[in-house]
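These are the residues of each chain, in order.
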Amino acid sequence: MFPQDTLTIGGQVFTSRLMLGTGKFTDFHVMRGALEASGTQIVTVAIRRVELKAPGHVGLLDALDLSRYQLLPNTAGCRTAEEAVRVARLARAATGVNWVKLEVIPDPRWLLPDPVGTLRAAEQLVEEGFTVLPYVQPDAVLARALERAGCATVMPLASPIGSGRGLRTGELLRTVLDGAGVPIVVDAGLGVPSDAAQALEAGADAVLVNTAVAEARDPVGMAQAFALGVQAGRAAFLAGRMAERDHASPSSPAAGVPRLPDPEVPV
Amino acid sequence: MFPQDTLTIGGQVFTSRLMLGTGKFTDFHVMRGALEASGTQIVTVAIRRVELKAPGHVGLLDALDLSRYQLLPNTAGCRTAEEAVRVARLARAATGVNWVKLEVIPDPRWLLPDPVGTLRAAEQLVEEGFTVLPYVQPDAVLARALERAGCATVMPLASPIGSGRGLRTGELLRTVLDGAGVPIVVDAGLGVPSDAAQALEAGADAVLVNTAVAEARDPVGMAQAFALGVQAGRAAFLAGRMAERDHASPSSPAAGVPRLPDPEVPV
Amino acid sequence: MFPQDTLTIGGQVFTSRLMLGTGKFTDFHVMRGALEASGTQIVTVAIRRVELKAPGHVGLLDALDLSRYQLLPNTAGCRTAEEAVRVARLARAATGVNWVKLEVIPDPRWLLPDPVGTLRAAEQLVEEGFTVLPYVQPDAVLARALERAGCATVMPLASPIGSGRGLRTGELLRTVLDGAGVPIVVDAGLGVPSDAAQALEAGADAVLVNTAVAEARDPVGMAQAFALGVQAGRAAFLAGRMAERDHASPSSPAAGVPRLPDPEVPV
Amino acid sequence: MFPQDTLTIGGQVFTSRLMLGTGKFTDFHVMRGALEASGTQIVTVAIRRVELKAPGHVGLLDALDLSRYQLLPNTAGCRTAEEAVRVARLARAATGVNWVKLEVIPDPRWLLPDPVGTLRAAEQLVEEGFTVLPYVQPDAVLARALERAGCATVMPLASPIGSGRGLRTGELLRTVLDGAGVPIVVDAGLGVPSDAAQALEAGADAVLVNTAVAEARDPVGMAQAFALGVQAGRAAFLAGRMAERDHASPSSPAAGVPRLPDPEVPV
Amino acid sequence: MQVNGQPHPYREGLTLHALLRELNVSPERVAVAVGDDFYPGARIPDRPLEEQDVIEIVRIIGGG
Amino acid sequence: MQVNGQPHPYREGLTLHALLRELNVSPERVAVAVGDDFYPGARIPDRPLEEQDVIEIVRIIGGG
Amino acid sequence: MQVNGQPHPYREGLTLHALLRELNVSPERVAVAVGDDFYPGARIPDRPLEEQDVIEIVRIIGGG
Amino acid sequence: MQVNGQPHPYREGLTLHALLRELNVSPERVAVAVGDDFYPGARIPDRPLEEQDVIEIVRIIGGG
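From first to last, the protein sequence lines are chains H, W, A, E, C, F, P and D. Numbers 1 to 267, taken from the numbering used here, label the letters of the first sequence in order. Numbers 1 to 267, taken from the numbering used here, label the letters of the second sequence in order. Numbers 1 to 267, taken from the numbering used here, label the letters of the third sequence in order. Numbers 1 to 267, taken from the numbering used here, label the letters of the fourth sequence in order. Numbers 1 to 64, taken from the numbering used here, label the letters of the fifth sequence in order. Numbers 1 to 64, taken from the numbering used here, label the letters of the sixth sequence in order. Numbers 1 to 64, taken from the numbering used here, label the letters of the seventh sequence in order. Numbers 1 to 64, taken from the numbering used here, label the letters of the eighth sequence in order.
This list has only true hints and no planted wrong ones.
Computed far set for chain P versus chain H, every beta-carbon distance over 10 Å:
no.: 1; residue: Tyr10
no.: 2; residue: Gly13
no.: 3; residue: Thr15
no.: 4; residue: Ala18
no.: 5; residue: Pro45
no.: 6; residue: Arg47
no.: 7; residue: Gln52
Quick list of the computed label-pair ranges, beta carbon to beta carbon:
no.: 8; chain 1: H; residue 1: Asp62; chain 2: E; residue 2: Gly10; range: 57 to 65 Å
no.: 9; chain 1: D; residue 1: Pro40; chain 2: A; residue 2: Asp246; range: 37 to 45 Å
no.: 10; chain 1: W; residue 1: Ala255; chain 2: E; residue 2: Arg148; range: 27 to 35 Å
no.: 11; chain 1: W; residue 1: Ala63; chain 2: F; residue 2: Asn24; range: 20 to 28 Å
no.: 12; chain 1: W; residue 1: Ala255; chain 2: E; residue 2: Gly203; range: 31 to 39 Å
no.: 13; chain 1: D; residue 1: Asp36; chain 2: A; residue 2: Asp5; range: 52 to 60 Å
no.: 14; chain 1: E; residue 1: Asp246; chain 2: A; residue 2: Arg217; range: 15 to 23 Å
no.: 15; chain 1: A; residue 1: Val126; chain 2: E; residue 2: Pro253; range: 24 to 32 Å
Derived list of chain F stretches under chain W, where covered just means 3 residues or more per stretch with a C-beta under 8 Å from a C-beta of chain W:
no.: 16; region: 3–15
no.: 17; region: 25–33
no.: 18; region: 37–48
no.: 19; region: 54–63
Note that these hints are calculated values from the structure, not bench results. Every residue, glycine too, gets a C-beta built ideally from N, C-alpha and C.
Whole structure, please, built from the sequences with the hints as guidance.
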């Protein structure tokens, strides 16, 4: 749509600003349809232990056209920096990809990330040559520290993971966006396309969505809806919104209205 | 996009759900570009007195490709039912079109419509064979009365005209949408595409935008952004949004995480 | 608290700005405690048919100290202007009080008032010498019409009756408050004291609460909480709030901080 | 008001839940009036270098009745953990008080705290015997870490310091409140009493206010307004709010309405 | 005759006081309407009733 | 005679076409009302005018 | 010996390939860690294992 | 010698009390740090100062 408007992460250039997760889909067929409809170019996956002695089965990687998507393995489920670093290394071995969506989440109820552990793990993984995309709360000071540590993006949350509550952290997101030196990707909690559009309108560079698509009544339709919402928000950001007014301002000229000589008192 | 998903107003079928106003544009060239980019099929215009003895000039109608757009003359500037009815008749004579966006607005500061005068004017204009699209506050009882009076749509406001404050009346809009028998078109106050997407996601059938496009830094780009936002909101409405959760819900499976034997205490 | 800050309705002077409804209480004892704790001076009641052949029982009026409260009978349950006028007359006969909280509500799902019917009934009741307090949607034009009709107040809703959803109509409430000539009483939907405080801070003259108190775990404690919230909001309105800032502004002087000669890079 | 409802911080028991800052007041007289009207028991102060060779003048401490207030010196202006620790030691020497409101703020535009530096300074100051009240972003994981480090409270921000934008971080505040083991004091950004009431209603234990009082048109009146708002919010929290409803629910009984035999169609 | 929305058996010579007695309604704290005439409980007249009268007997209860 | 809200000098025998000519208004894309009669530009009759006529001459412009 | 968080019977001379065979794990699209050594499925060495080895065998699945 | 962030002329034999006198600072309600030693105003020692000392003299002011 804007061929010249591209997003660069870790030295790679993307035209889509919508990242999609692959969790919670009822089957691979629906998942592939949603990925297709979303136009996404970056797809997150998880690392899990092989069920021992279980019969073999078709795997996720067989279901994905790896030539079309940048894989983004996550460290979901890790509670500490140490676990996250180890899972990132396993992910790299399993995929051959050195990108990682870094999640260090000690809290099972709200799934909120640990700022200190996330920063420590990010420093370690950058040193090991990973392209690190850390999941964080919308903390501008932490975001700058992660930039200095060499992270490729910062991914602040909109609301709790999988809640679909929308962009409830706009007040802090604007402080993260202000003067950011790496792409800001709003991740977690987006429920509808207008949430994604709001993030892009505010200046976010991209969004990541999973549950809102996978749990929609029609995941493929919703994937397309999010693609459109992200494009709408980005286009509006580039076009420059009107200034808000406190009062009304007529859209039609005030002069020259064919008034009646003596208008009755209204109502 | 959804060829089968059409909007019918006054017996006419439309594929676009974005109506555009023609006020406040710097010149006809920019206006035409914005109409083009918006994909709109319904365009509002105003009626004003000819400046007497003024030199002739190219008119708006010469600037519009009338074969592509349904004209929607408004009664902006009218303070009473009587003035509005008279301006509607003048509009019909001037355009040959019997559609009218009915505005009865006694209040110059907030440009809020008069519910009683609007209903009275609507009854008169319907009787005279007009296709009436009344501008109102988001009042569900008034909306039903306008339906019964034979109006083709009801057009509740999002916030004051030209304010760009967005959808601030969602709490009442949902009552207008609930059980509506005619298309509900959200008019006035939308500032960015996410506002429009919100309205469509909530179930509105269309939106009307003018100032947000005309006063954008790049009106043509913003017109396209609104087109995308409207499509996104409609697509999401059709796809059926996920249910909101109060707490978090992981996007990746909880089981099988490669945990370390004895995790340190986080942080 | 502010003995000089009084509220005048229908020629009567009040020091409390909290009106309380008497519905939904589990028993008269709790109700009396809540009225006491709220400090209210205006109490709403309803009119209902006597159950024929039912044994007599203690009535609400016996449970109220009528010397302390201005009774405000409502027309709840009336669908039309005609029913509301008749119930107002019955209420006057039953109480000897000529105040009436006018409700004309055709819609059972959202309990939204009919603007046209409410205005017509108000004109009739004012002519009959009633002190009329109409329940309406936050429609500034209708509010002015009710003023001209001689109503003693206008009572716009915050959100649907009994929903406890809070002040969701602030965008329209500010237009009702702007230039109002009679006291504006926010009625319906308030759930917690901060909702009431917001209404008073915005310039509302009073609020009416019922469900939020009657359905609280501790109705007497909640009645006191609302009394405090109303006082807080009114005091803030009189004291004049600070101007909002877009950015931060230090509360402590910027100069003279005992800085270290060469600060490390933060984090 | 609730003598039995007390707040304990650092082993000391307080009946007021409103902390007040002493910055930005036009003069000591107004400041004393505001402290008085607020009923506060905890007062923040700052540490600054003596202007060398400047004539002596009455100091803040001479203007405060130290027998009535717990002094809470802050480290405002410090950019690093090291600066903050040093200022805390200077504050203890200057006041004889070992409480400190810990602020480690590298960012001059938004005045946002550094989570890592704040935690490191907190650990050091706790070890030195300080009662530490750290100013932080609403990060539940960081809050738990500060608890474990021995902090006496956690003080998350509502919006940027001195902005008066109100409680814009409610979505994250609820995660900080959920399962907190120390008092949570909402600090920074509160503009009006309803903001404070919202924080208390949500379960916060106290709030700290400065600019909203000092910059009000009438600081003394606003101090009282905040005192009432805090009491209202706390009382509501203790009384247990009603459950929200999606739709309306009548406050008056539905049965027994004196209906007319054959109601006209409404409107 | 209609009382509180229900049909009520009419009989020749029935008066308002008699009706209230047979309905077991004590006039304190009620109000009565016969057609468009409205009476406080304390001043209910013992007027004769007619077959087509629409009668309303109400009281005050808790409401918001 | 009133034209577009302004008083206009009336003279005996003045017709609508003559008025438009002297006002330098070309009938394309305008509409005219004389009292309660409304005419598209293309079908404006050359009707005689009277002193108390209220005349409106309008066109379409940009509006929202 | 620990495999995927569970204790696993160790026997003298056991190798990594042998372990995968007896666990019925085909090496495509898995990754294996033995302590701090990480191996892609395609390059898993047939290294001897020791009793105190901590072994992890993982694959890619759907996640957000 | 540095005092409150500014270089300050050092002279042989200068003591803390002398410095405060020449700076016209009365010790009530101030605090002083010499390097990592922190002194309440009431207990400021008359210690000799050295050329490389970093001295801080602070007081309490209004702040939030």
